[in-house]
Amino acid sequence: MDDQLENAPCYFLTANDNGEIKHVNRTMLDTLGYKSKTEIVGKHIENLFSPGAKIFYHTHVFPLLKLHGKAEEIYLDLKSTGNSSVPVLLNADRRTVADREALNTFVFIPIRQRSKFEDELLAAKKEAEAANQAKDEFLSIVSHELRTPLNAILGWIRVLETSSGDPELLEKGLKIIRNNAKIQTNLINDILDVARMISGKMRLEMVAQTDVSKVIEKTIDAVAPAANKKKIKIGKEMKDIPPIGADPQRLQQVLWNLVNNSVKFTPIGGKIEISSHAKNSVLEISVRDNGIGISEEFLPQVFGRFAQNDDSGSQRHGGLGLGLAISKQIVELHGGTIRAESEGDGKGAKFTVQLPF
Amino acid sequence: MADNILRRNNVKDSQNGEKTILFAHGFGCDQNMWRFIFPHFENRYRTILFDYVGSGKSDFETYDAHRYAKLDGYAEDVIEICDALDLNDVIFVGHSVSGMIGALASIRRPELFSHLIQLVPSPCYINHPPDYVGGFEREDLDGLFEMMDKNYIGWASFLAPVIMKNPDRPELGEELQESFCSTDPKIARSFAEATFYSDNRADLEKIETPVLIVQVTDDAVAPVSVGKFMNGKIPNSELVLMDASGHCPHMSHPQETLEIMNNYLRSTNT
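Top to bottom, those sequences are chains H and A.
Take any residue in the first sequence, count from 1 to its spot, add 202: that is its number in my numbering.
Take any residue in the second sequence, count from 1 to its spot, add 6: that is its number in my numbering.
Isolated chain H, as found in the complex (with noise of 0.2 Å):
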């Protein structure tokens, strides 16, 4: 083998049809850590293969280079004397010269920048299919739930069509609707939050001496007929809270979420706690249930659009499972943070909103 080829800036590298290396070039003897020839010529290719490398080269690479003659732009993995992996693209060919045995030229490029790109592009890709999927889910919850209370509203309607005029069915009815279409509007504002979330055009209207504690206790008024009917105590602690600069409108947002959420997920019987305190410039504002928790594995996605604990819990609670993404955008633009603790199943959960002021 001539200099150049000795040292040329790729790998080299001969093997028969039974793998066997015939001659290999000196920089990749170098590059994966070999001394001498001796170490390799005559041993099998793949043992200069990761084992995934192995078997790729043998249900792949071989039957190509075989029945077609060639390989081209094939990713592997190397492996060096130190167990290092070496990612290269391969080119092969095979010859057959009269009278003697078919010969396999390969040649490999370490490629270790361009693999990292890659890396990320394939990550990339399995991170929007996935996103792809949860919104497809997501799609088929938004119509179960805005068909739900849609359902509800045209059954009375044709039920007060064909009814007599009784006043007390038609208050029920009346009550069923009202209900059923406030429901879906808070479904609706929670889907063009969203899409204000995605497009970036969420603006808040901000109060400069906005009374927290006044939210707070609006709050709790919004979710007391929902909590009385699960016999659950909603607690309160409040510490000198001072005046923060804030959006008192989506501020309630945020907290009716975190109090609706701990509603629906506490069992009959069981305690809300709610508190609040200001230290060193921050106000901080927590809401604990003892209700079924939030599993290890879903704990880091809970604010995640589209993000629900499984199919059985968003239909057994219903709601479309924004709420907490919606909270969080929220919360980050007035510049605080919000975080989700639980010790797991079924050992409630805590909320903590922290806004500077």
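Honestly, the hints are just simulated from the structure, not real lab data.
Think of the CB as a built atom: it goes at the ideal place given N, C-alpha and C, for glycine as much as any other residue.
Check the hints yourself; a few may be wrong.
Here are the simulated distance ranges between beta carbons [to be verified]:
#1 A:Asp70 <-> H:Thr350: 48 to 54 Å
#2 H:Gln335 <-> A:Asn133: 30 to 36 Å
#3 A:Asn133 <-> H:Ile400: 44 to 50 Å
#4 A:Glu117 <-> H:His225: 49 to 55 Å
#5 A:Arg115 <-> H:Asn353: 50 to 56 Å
#6 A:Gln21 <-> H:Ala325: 49 to 55 Å
#7 A:Thr223 <-> H:Glu499: 44 to 50 Å
#8 H:Asn353 <-> A:Asp70: 31 to 37 Å
#9 A:Glu244 <-> H:Ser238: 52 to 58 Å
#10 H:Glu329 <-> A:Asp70: 41 to 47 Å
#11 H:Asn391 <-> A:Asn133: 54 to 60 Å
#12 A:Glu145 <-> H:Lys337: 30 to 36 Å
Straight line, CA to CA, 25 Å or less: simulated DMTMM-like cross-link-like pairs of lysine to aspartate or glutamate [what the hints assert, rightly or not]:
#13 H:Lys318 <-> A:Asp224
#14 H:Lys281 <-> A:Asp224
#15 H:Lys328 <-> A:Glu199
#16 A:Lys192 <-> H:Glu373
#17 H:Lys224 <-> A:Glu262
#18 A:Lys192 <-> H:Glu275
#19 H:Lys281 <-> A:Asp146
#20 H:Lys328 <-> A:Asp249
#21 H:Lys318 <-> A:Asp148
#22 H:Lys281 <-> A:Glu143
#23 H:Lys281 <-> A:Glu152
#24 H:Lys327 <-> A:Asp70
#25 H:Lys327 <-> A:Asp190
#26 H:Lys337 <-> A:Asp155
#27 A:Lys192 <-> H:Glu370
#28 H:Lys239 <-> A:Glu152
#29 A:Lys192 <-> H:Asp321
#30 H:Lys272 <-> A:Asp70
#31 A:Lys63 <-> H:Glu274
#32 H:Lys224 <-> A:Asp249
#33 H:Lys328 <-> A:Asp224
#34 H:Lys327 <-> A:Asp148
Every beta carbon over 12 Å from chain H, so not counted as near; a handful from chain A, in silico [unchecked claim]:
#35 Gln21
#36 Lys25
#37 Arg41
#38 Glu67
#39 Tyr69
#40 Ala90
Given chain H, put chain A in place with the hints provided.
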């Protein structure tokens, strides 16, 4: 129905011959891999070649992820091909994973098969210490899947869409044919999982059909120990060791492979 199955699996039937040999390809390839073997049997046997669904020129539209999540789905295909051609007493020749696919088919329908010839088969590719050496650890297979992802990404993102949009340019299809035997990347991944995560060791004792196990002395994918294990478990089996390396003896050593097959067929009067 029968026509659908023959189209689905791109079945090539020589139609002449009293006894039938059915050749089944392994993972990563298609019926082309028998190119150096089947012509030698054509004047004495009826030879049948086919592609598994998702490989070669099979009908990809009929791919059913649930059916082919396990090797049993592929075994079902083999049975359906035999039924579609009204075959009995078939000599089944399976490379690599097809060794076990044929075995599973024979357990379900023993009357369809007279003999199984398994080239470098394995009932389980993963090591189960201390008693069983399959050749690989589970994490080794992650490396294979990563390699498949990277190598098939070009297929998925470039070749497939180009071919779909250019039905008038068959040469693009030829290019595809030359890259991994035109296997769809998602199907290839699923076939790889069905193959390398399978554990059919418990099925070996259920094989009633006589089996010839052909192992290669130096094969990283199916080591000699696997052949010995199978020989110990399959009631009516013979083990032949070929002095060669690699996992495709029918391509790297076609003459020796032919000799072994012919010797076996002669010794069993088939």
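Cross-check of the supplied hints:
| no. | hint | in the structure |
| --- | --- | --- |
| 1 | A:Asp70 <-> H:Thr350: 48 to 54 Å | violated (34 Å) |
| 2 | H:Gln335 <-> A:Asn133: 30 to 36 Å | holds (34 Å) |
| 3 | A:Asn133 <-> H:Ile400: 44 to 50 Å | holds (48 Å) |
| 4 | A:Glu117 <-> H:His225: 49 to 55 Å | holds (53 Å) |
| 5 | A:Arg115 <-> H:Asn353: 50 to 56 Å | holds (51 Å) |
| 6 | A:Gln21 <-> H:Ala325: 49 to 55 Å | holds (51 Å) |
| 7 | A:Thr223 <-> H:Glu499: 44 to 50 Å | holds (47 Å) |
| 8 | H:Asn353 <-> A:Asp70: 31 to 37 Å | holds (35 Å) |
| 9 | A:Glu244 <-> H:Ser238: 52 to 58 Å | violated (43 Å) |
| 10 | H:Glu329 <-> A:Asp70: 41 to 47 Å | violated (27 Å) |
| 11 | H:Asn391 <-> A:Asn133: 54 to 60 Å | holds (56 Å) |
| 12 | A:Glu145 <-> H:Lys337: 30 to 36 Å | holds (32 Å) |
| 13 | H:Lys318 <-> A:Asp224 | violated (33 Å) |
| 14 | H:Lys281 <-> A:Asp224 | holds (19 Å) |
| 15 | H:Lys328 <-> A:Glu199 | holds (18 Å) |
| 16 | A:Lys192 <-> H:Glu373 | violated (58 Å) |
| 17 | H:Lys224 <-> A:Glu262 | holds (22 Å) |
| 18 | A:Lys192 <-> H:Glu275 | holds (20 Å) |
| 19 | H:Lys281 <-> A:Asp146 | holds (13 Å) |
| 20 | H:Lys328 <-> A:Asp249 | violated (43 Å) |
| 21 | H:Lys318 <-> A:Asp148 | holds (17 Å) |
| 22 | H:Lys281 <-> A:Glu143 | holds (16 Å) |
| 23 | H:Lys281 <-> A:Glu152 | holds (15 Å) |
| 24 | H:Lys327 <-> A:Asp70 | holds (24 Å) |
| 25 | H:Lys327 <-> A:Asp190 | holds (17 Å) |
| 26 | H:Lys337 <-> A:Asp155 | holds (24 Å) |
| 27 | A:Lys192 <-> H:Glu370 | violated (61 Å) |
| 28 | H:Lys239 <-> A:Glu152 | violated (30 Å) |
| 29 | A:Lys192 <-> H:Asp321 | holds (18 Å) |
| 30 | H:Lys272 <-> A:Asp70 | violated (32 Å) |
| 31 | A:Lys63 <-> H:Glu274 | holds (21 Å) |
| 32 | H:Lys224 <-> A:Asp249 | holds (19 Å) |
| 33 | H:Lys328 <-> A:Asp224 | violated (37 Å) |
| 34 | H:Lys327 <-> A:Asp148 | holds (18 Å) |
| 35 | Gln21 | holds (25 Å) |
| 36 | Lys25 | holds (27 Å) |
| 37 | Arg41 | violated (7 Å) |
| 38 | Glu67 | holds (22 Å) |
| 39 | Tyr69 | holds (18 Å) |
| 40 | Ala90 | holds (27 Å) |
Consistency with the previously given hints fails for numbers 1, 9, 10, 13, 16, 20, 27, 28, 30, 33, 37, ordered from lowest to highest.
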